[in-house]
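Participant: Residue numbers (the numbering used here): 1 to 149.
Derived by calculation from the structure, the hints in this document are not laboratory data. Note that the structure is a prediction, hence the values are computed from the model and not measured. The beta carbon of each residue, even a glycine, is placed where N, CA and C say it ideally should be. Check each hint, because a few of them may be wrong.
[Stated by the list, open to error] Derived EDC-like pairs: lysine to aspartate or glutamate, alpha-carbon spacing no greater than 16 Å straight-line: (1) K72 - D49; (2) K72 - D37; (3) K64 - D129; (4) K111 - D98; (5) K138 - E90; (6) K111 - E85; (7) K64 - E108; (8) K138 - E85; (9) K64 - D54; (10) K64 - D37; (11) K74 - D45; (12) K72 - D45; (13) K111 - D100; (14) K64 - E106; (15) K74 - D49; (16) K138 - D37.
[Claimed, not checked] Have a look at the derived ranges for each label pair, beta carbon to beta carbon: (17) M32 - P132: 27 to 37 Å; (18) F27 - D129: 28 to 38 Å; (19) V17 - D56: 14 to 24 Å; (20) E108 - P132: 21 to 31 Å; (21) P75 - A39: 16 to 26 Å.
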Amino acid sequence: MGAGTDIDAVDVPILQVFANNMMVQGFPPNVMVMHNDTAAGFIKDGVLDMVFIDSDHRYSAVCKDIQCWVRKVKPGGIIAGHDFEFTLTELQNNGFGDIDLRTFGEMEYSKPAGMRVGLHTGVIRAVTDYWPEERIHKEWETSIWWVRV
1 MGAGTDIDAV DVPILQVFAN NMMVQGFPPN VMVMHNDTAA GFIKDGVLDM VFIDSDHRYS
61 AVCKDIQCWV RKVKPGGIIA GHDFEFTLTE LQNNGFGDID LRTFGEMEYS KPAGMRVGLH
121 TGVIRAVTDY WPEERIHKEW ETSIWWVRV
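With the sequences and hints as input, model every part of the structure.
Facilitator: Here is the structure:
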């Protein structure tokens with residue numbers, strides 16, 4: 001950044017916002033703060049109807065999230081997440097089939113050359129490494145993905 005660059009930033013205290021929202025809805029804000037994999041340890045395998053992942057977007061972190069939480073979902077349940085902008089087929093059909101997601105390593109977000117929008121390459125790579133593309137459902141107007149377990 002050079003001279004004259006303006007930066008606007010807002011740090012939202014997300015835990016406080018969550019606790020306030022819980023109180024407004026009449027729930028006591030008894031929140032235990034812990035890492036994702038620790039939280040998964042408190043839940044039995046195969047008991048959840050749905051899990052939604054939207055956390056660290058680096059490849060290794062998304063892989064870890066999937067591995068921790070997919071076994072918590074009961075058969076027929078759904079594991080879903082956010083920031084899955086394109087399937088590999090969509091990238092190929094739009095002229096970006098030569099993008100090797102591995103080259104982006106542990107980046108949270110990147111904008112490959114020639115693309116109008118950026119990608120959460122770690123999310124796309126982790127999800128498509130875990131499941132074959134035909135099992136992955138993607139909501140067109142959003143970047144939400146889901147798989148029936």
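Participant: Hint by hint, note whether the structure agrees.
Facilitator: Evaluated hints:
1. K72 - D49: Holds: K72 and D49 sit about 9 Å apart, inside 16 Å.
2. K72 - D37: holds (12 Å)
3. K64 - D129: holds (12 Å)
4. K111 - D98: holds (14 Å)
5. K138 - E90: holds (11 Å)
6. K111 - E85: holds (12 Å)
7. K64 - E108: holds (15 Å)
8. K138 - E85: Since the Cα atoms of K138 and E85 sit roughly 8 Å apart, the hinted pair holds (cutoff 16 Å).
9. K64 - D54: holds (12 Å)
10. K64 - D37: holds (8 Å)
11. K74 - D45: holds (8 Å)
12. K72 - D45: Holds, at roughly 4 Å.
13. K111 - D100: holds (13 Å)
14. K64 - E106: holds (13 Å)
15. K74 - D49: holds (6 Å)
16. K138 - D37: violated (25 Å)
17. M32 - P132: 27 to 37 Å: Distance hint for M32, P132 holds at roughly 36 Å.
18. F27 - D129: 28 to 38 Å: holds (37 Å)
19. V17 - D56: 14 to 24 Å: The hint (14 to 24 Å, Cβ to Cβ) holds, given that V17 and D56 are roughly 19 Å apart.
20. E108 - P132: 21 to 31 Å: holds (25 Å)
21. P75 - A39: 16 to 26 Å: holds (22 Å)
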